[in-house]
Amino acid sequence: MTDPNNPDMTGRSYNDNEQPSNQGGQQANDNGSPYGPFASNPQGAPNGNPYAWQNDPFKLAAEQLTNRAKNAVRMSYGVIGAAALIFGIIVLFWPGATLAVIAAAFGIYFVISGIIRIVSAIVELGLPAGWRVLDILVGVLLTVGGIVVLKNAAVSGQTLAIVAALTIGIGWIAEGIMALVETWRLPQSGWAIFQGVISIIAGVVVLIAPLSSTIWMIIFGGAALVVIGITMLIRAFTFGKVR
Numbered sequence: 001m002t003d004p005n006n007p008d009m010t011g012r013s014y015n016d017n018e019q020p021s022n023q024g025g026q027q028a029n030d031n032g033s034p035y036g037p038f039a040s041n042p043q044g045a046p047n048g049n050p051y052a053w054q055n056d057p058f059k060l061a062a063e064q065l066t067n068r069a070k071n072a073v074r075m076s077y078g079v080i081g082a083a084a085l086i087f088g089i090i091v092l093f094w095p096g097a098t099l100a101v102i103a104a105a106f107g108i109y110f111v112i113s114g115i116i117r118i119v120s121a122i123v124e125l126g127l128p129a130g131w132r133v134l135d136i137l138v139g140v141l142l143t144v145g146g147i148v149v150l151k152n153a154a155v156s157g158q159t160l161a162i163v164a165a166l167t168i169g170i171g172w173i174a175e176g177i178m179a180l181v182e183t184w185r186l187p188q189s190g191w192a193i194f195q196g197v198i199s200i201i202a203g204v205v206v207l208i209a210p211l212s213s214t215i216w217m218i219i220f221g222g223a224a225l226v227v228i229g230i231t232m233l234i235r236a237f238t239f240g241k242v243r
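The numbering of the sequence shown is full-length UniProt numbering, which starts it at 1 and goes up by one.
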């Protein structure tokens, strides 16, 4: 017979002002709430379901990651951000920069970004499975694109411009989509959304804008890399930190 003073059948009774911390089979977080990162606003959860974040294989919900997995994500963001910032500065301030210099800088950046993504996704098994698969795909795309640009850096004229534009544009769009997918509708995802939007816009602009002006490519490409790099570094320092 069910004891009305012991609704959870654990052998412990509760008074009128006390409730079990685990109701309906849901796990509570450290604050006693089963809503995890949506504890303060359950209605803001994906699809209106406060528990959906627990099962989404593409979301990087820091609350559900081990410390090792969090450190892997921070390292990935930090290295990619530092590379973007460094090569953005090189593109902006290289004396007498040519299209070949720009292509080489972006090629090296995409190779670094791609390899870091692939390695972190393969090595750190504590990360969500869907995110790891998607990160590997993006990493392969960036690595191949970077190698293609580097192999064609010595080519002059319109051919190099087309190769560079396609690689940079598609690469930035892929990075932007990845940033949005992994953090969409998660709390404290403002910097990730900002980076994703900037990256996608920059990629689209590079694809549709005329590439006849090397000066335009230097200013726009370098500035976009710097902004993306700074944003990635901020994400590296803030990911998983309690505010």
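Mixed in with the good hints there might be a few duds.
With beta-carbon atoms standing in for the labels, derived distance ranges [what the hints assert, rightly or not]: (1) Gly240 x Val133: 15 to 25 Å; (2) Val148 x Ile208: 14 to 24 Å; (3) Ile162 x Asn67: 41 to 51 Å; (4) Arg68 x Trp216: 41 to 51 Å; (5) Val148 x Ile177: 18 to 28 Å.
Derived by calculation from the structure, the hints in this document are not laboratory data.
Cβ coordinates follow ideal geometry from the N, Cα and C atoms, glycine included.
(message) Just to be sure I understand the hint, the distance between the Cβ atoms of Arg68 and Trp216 should be within 41 to 51 Å; is that true here?
(response) This hint holds: roughly 44 Å between Cβ atoms.
(message) Range first: 41 to 51 Å. Now tell me if the beta carbons of Ile162 and Asn67 are that far apart.
(response) Because 45 Å falls inside the window, the suggested range holds.
(request) For Val148 and Ile208, compare the CB-CB distance with the range 14 to 24 Å and indicate the outcome. (result) Holds, at about 20 Å.
(request) Could you check the hint for me, namely that Gly240 and Val133 are 15 to 25 Å apart, CB to CB? (result) Holds: the Cβ-Cβ distance is about 22 Å, inside 15 to 25 Å.
(message) 18 to 28 Å was suggested as the range; check whether the CB atoms of Val148 and Ile177 agree with it.
(response) holds (20 Å)
Going down the numbered hints, you'll see the structure goes against none, and every one checks out.
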